[in-house]
Amino acid sequence: MSRRSVVVTALTLLWLVLLQVTVVTFLPTPVAVPDLVIVAVLALAQAHGPIVGGLAGAWAGLLLDLVPPAAGPVGGWALVLGLVGIVVGRIAAAARPGPFAAMVLLAAGAALAVLGRAAVLWFAGAPVGWAVLGLAAASAGYALLLAPLALLVVTRADRRPSAALRTVPTEVAGP
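Residues in the sequence shown are numbered consecutively from 133, following our numbering.
These are computed hints drawn from the structure, not numbers from a lab.
The beta carbon of each residue, even a glycine, is placed where N, CA and C say it ideally should be.
You can trust all of the hints, since none of them are fake.
Simulated restraints on C-beta separations:
no.	residue 1	residue 2	range
1	Gly207	Arg288	26 to 34 Å
2	Val140	Arg228	24 to 32 Å
3	Arg222	Ala142	17 to 25 Å
4	Gly230	Leu150	30 to 38 Å
5	Gly261	Arg222	27 to 35 Å
6	Ala233	Thr144	18 to 26 Å
Please work from the sequences and hints to get the whole structure.
Put into structure tokens, the structure is as follows:
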């Protein structure tokens, strides 16, 4: 990734975190709310591999840990999203999944992130019940719905032609 792409990605994740905690959290949904940040991190991990997935997950997780109404230990989200970003990036790099398998991998990663966050909270001493399994399933369902758009945006951003490819030759060689 170029420096410009890194800055745009970091600012996009910041914007998604702010959107998540100010708007999406208050949506009237039956079980859980869609988690835009998890979907974005996992889409980046699939498109760019485990290193970018881990770094994007750690950055987005740190933002989630610091932006109010943060709950739980600081670094919990950073740890979970970083690790899940690495795992999903490694699986995607090794398996090169097709479109449907990429969506399923993203949904499984979202469920794993919710379960990982519950594990961090449990280790910190917070009570965690069996309801977390329903939250993980709901998160996977929302991630499956958001996956096509997220994967499309991330892969289309990578396919922009570079400046060298956009130049038109002034002379054409003859036969």
